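Please arrange chain B on chain A, whose structure you already have, making use of the hints.
There are 2 protein chains.
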Amino acid sequence: MLNRVRIVLVETSHPGNIGAAARAMNNMCLEQLVLVSPKHFPSEEATARASGADDLLARAPVCDSLDAALKGCRLIIGTSARERTVSSPLLNPRACAAKIIEESAVGEVALVFGRESSGLTNEELDRCNFLVQIPTNSAYSSLNLGAAVQVLSYEIYLAWLEGRETAPGPLREVATAEMMEGFHGHLAQALEDIGFANPRQSDKLLRRLRSLFHRARPDVDELNILRGILSAAQGRKSMRR
Amino acid sequence: MLNRVRIVLVETSHPGNIGAAARAMNNMCLEQLVLVSPKHFPSEEATARASGADDLLARAPVCDSLDAALKGCRLIIGTSARERTVSSPLLNPRACAAKIIEESAVGEVALVFGRESSGLTNEELDRCNFLVQIPTNSAYSSLNLGAAVQVLSYEIYLAWLEGRETAPGPLREVATAEMMEGFHGHLAQALEDIGFANPRQSDKLLRRLRSLFHRARPDVDELNILRGILSAAQGRKSMRR
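Here the protein sequences come in this chain order: A and B. If you're matching positions, the first sequence starts at 1 in the working numbering and goes up one per residue. If you're matching positions, the second sequence starts at 1 in the working numbering and goes up one per residue.
Bound-form chain A, shown alone (with noise of 0.2 Å):
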């Protein structure tokens, strides 16, 4: 699926950032890059900035229309950082993701990117069949392009992750109640030793401590540490005797 998902970058200015796209890309498994009429490329800022992505760079077409980038697509989705005329529906970038996924099971599917300086034109916008608008600061809205193709390309890997069936991850091996019982008794008992708890006045204070080893859920060993530990502190009161 994510083998089908173009990245179509229209007349971008700065090399630096088709390698940094490319490098996102690469980062959340997404494979086609395709370039429109980019001002500069090949270059070597590209290259520098794709790191380990030069693969990926070196194999995207460069086209001289739009037409030619979206061949074969059956969806296409514009993106656009300012409210727009235009009547496609926006998404954000969640739903324009899983809308991604679910596109690209069946065909393939393009997510375009318009200039540094102005975006995409009217004319461009009306190609898609949505727009996409990543949330900003209203202040200061423009997104340099890489990040751009870094937030839209990890939203559409962790659609893919989430798409996939997956099995629970492995919980933590945390120590049993009954384990838990035997250190708080081992924990009073050291408390009165050290001289540090009034056996009559401490019920206050083991409920705190017993509130926070639940918070911190020890396992077997940690609770064994724990309780070597109060066993050297109460050694020294026995070798004091």
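Derived by calculation from the structure, the hints in this document are not laboratory data. Possibly wrong hints are sitting among the right ones.
Computed list of chain B residues with no C-beta within reach of chain A, every gap over 12 Å [as the list claims (entries may be wrong)]: (1) MET1; (2) SER37; (3) PHE41; (4) GLU44; (5) CYS63; (6) ALA98; (7) GLU102; (8) GLU108; (9) ARG115; (10) GLY119; (11) GLU178; (12) LEU205; (13) ARG208; (14) SER211.
In the SDA-like style, the derived pairs of lysine to any residue whose C-alpha atoms are separated by at most 25 Å in a straight line are [stated by the list, open to error]: (15) LYS99/A <-> ARG82/A; (16) LYS204/A <-> MET179/B; (17) LYS99/B <-> LYS204/A; (18) LYS39/A <-> ALA48/B; (19) LYS204/B <-> ASP126/B; (20) LYS99/B <-> ARG82/B; (21) LYS204/A <-> ALA216/B; (22) LYS204/B <-> ASP221/A; (23) LYS71/B <-> ASP219/B; (24) LYS204/B <-> GLY235/A; (25) LYS204/A <-> HIS184/A; (26) LYS204/B <-> THR176/A; (27) LYS71/A <-> LEU91/A; (28) LYS71/B <-> GLN189/B; (29) LYS99/A <-> VAL34/A; (30) LYS204/A <-> VAL220/B; (31) LYS99/B <-> ASN224/A; (32) LYS39/A <-> ASP126/B; (33) LYS99/B <-> LEU161/A; (34) LYS204/B <-> ASN224/A; (35) LYS204/A <-> ASP221/B; (36) LYS71/B <-> GLY52/B; (37) LYS204/A <-> ILE225/B; (38) LYS71/B <-> LEU70/A; (39) LYS204/A <-> ASP126/B; (40) LYS71/A <-> VAL106/A.
Quantities reported herein were computed from a predicted structural model and do not represent experimental measurements. Each residue gets a CB set at the ideal place from its N, CA and C atoms; glycine is no exception.
Showing chain B alone in chain A's frame:
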């Protein structure tokens, strides 16, 4: 709430990444950038990449230790690109963002990013209550630093937008980072004093205990109780002398 979220960058090598982080934060309404021993700063490249976020960049304090950067924080989350043996609980970005928004309602919180090449050291990760990992391509997991800040800032902003619709519940007061450090120092000394820990062999032990108390997140009263217990255990020893 968003103004109580610190983004802490530790020993960043490339000033362009500092600028990209500032821009990403500004896009997502985050205001507090804190730099720990950056290789080159201030820097023209950082300012250029910050784009409209140069104010935020100019305000960023430069600290010479992680401790200084974390001063006053009630919650510390570290970023990690790979599995660690460290046992701090691992969050995904969405859960991390929800936690940050929840806790920033009552105090300062920090999200810590490590070096481009090697991330955070185990010692630095030990300072964290939680770790967060951005899901990635397992064959190519290393996100650009600016891109990682972008993804997590975006999730934090989304969580904040979502949280505006629901009233937050009351949160426990927890001890600050520096109080926790004071406690861990006292604990190490007490373990030595009672003859439990050989200082040369105790690194692993102390890390286990650190992880346990990070999970428990004691409040100030509880921390005072724990330190009282340590002092009582130590006192017995000095009485013997």
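Outcome of the hint check:
| no. | hint | in the structure |
| --- | --- | --- |
| 1 | MET1 | holds, 14 Å |
| 2 | SER37 | holds, 23 Å |
| 3 | PHE41 | holds, 19 Å |
| 4 | GLU44 | holds, 15 Å |
| 5 | CYS63 | holds, 26 Å |
| 6 | ALA98 | holds, 14 Å |
| 7 | GLU102 | holds, 16 Å |
| 8 | GLU108 | holds, 21 Å |
| 9 | ARG115 | holds, 15 Å |
| 10 | GLY119 | holds, 15 Å |
| 11 | GLU178 | holds, 19 Å |
| 12 | LEU205 | violated, 6 Å |
| 13 | ARG208 | violated, 6 Å |
| 14 | SER211 | violated, 8 Å |
| 15 | LYS99/A <-> ARG82/A | holds, 21 Å |
| 16 | LYS204/A <-> MET179/B | holds, 23 Å |
| 17 | LYS99/B <-> LYS204/A | violated, 30 Å |
| 18 | LYS39/A <-> ALA48/B | holds, 20 Å |
| 19 | LYS204/B <-> ASP126/B | holds, 11 Å |
| 20 | LYS99/B <-> ARG82/B | holds, 21 Å |
| 21 | LYS204/A <-> ALA216/B | holds, 18 Å |
| 22 | LYS204/B <-> ASP221/A | holds, 12 Å |
| 23 | LYS71/B <-> ASP219/B | holds, 16 Å |
| 24 | LYS204/B <-> GLY235/A | holds, 23 Å |
| 25 | LYS204/A <-> HIS184/A | holds, 13 Å |
| 26 | LYS204/B <-> THR176/A | holds, 24 Å |
| 27 | LYS71/A <-> LEU91/A | holds, 23 Å |
| 28 | LYS71/B <-> GLN189/B | holds, 23 Å |
| 29 | LYS99/A <-> VAL34/A | holds, 20 Å |
| 30 | LYS204/A <-> VAL220/B | holds, 16 Å |
| 31 | LYS99/B <-> ASN224/A | violated, 31 Å |
| 32 | LYS39/A <-> ASP126/B | violated, 46 Å |
| 33 | LYS99/B <-> LEU161/A | holds, 22 Å |
| 34 | LYS204/B <-> ASN224/A | holds, 14 Å |
| 35 | LYS204/A <-> ASP221/B | holds, 12 Å |
| 36 | LYS71/B <-> GLY52/B | violated, 28 Å |
| 37 | LYS204/A <-> ILE225/B | holds, 11 Å |
| 38 | LYS71/B <-> LEU70/A | violated, 52 Å |
| 39 | LYS204/A <-> ASP126/B | violated, 31 Å |
| 40 | LYS71/A <-> VAL106/A | holds, 15 Å |
Violated hints for the displayed structure, listed by number in ascending order: 12, 13, 14, 17, 31, 32, 36, 38, 39.
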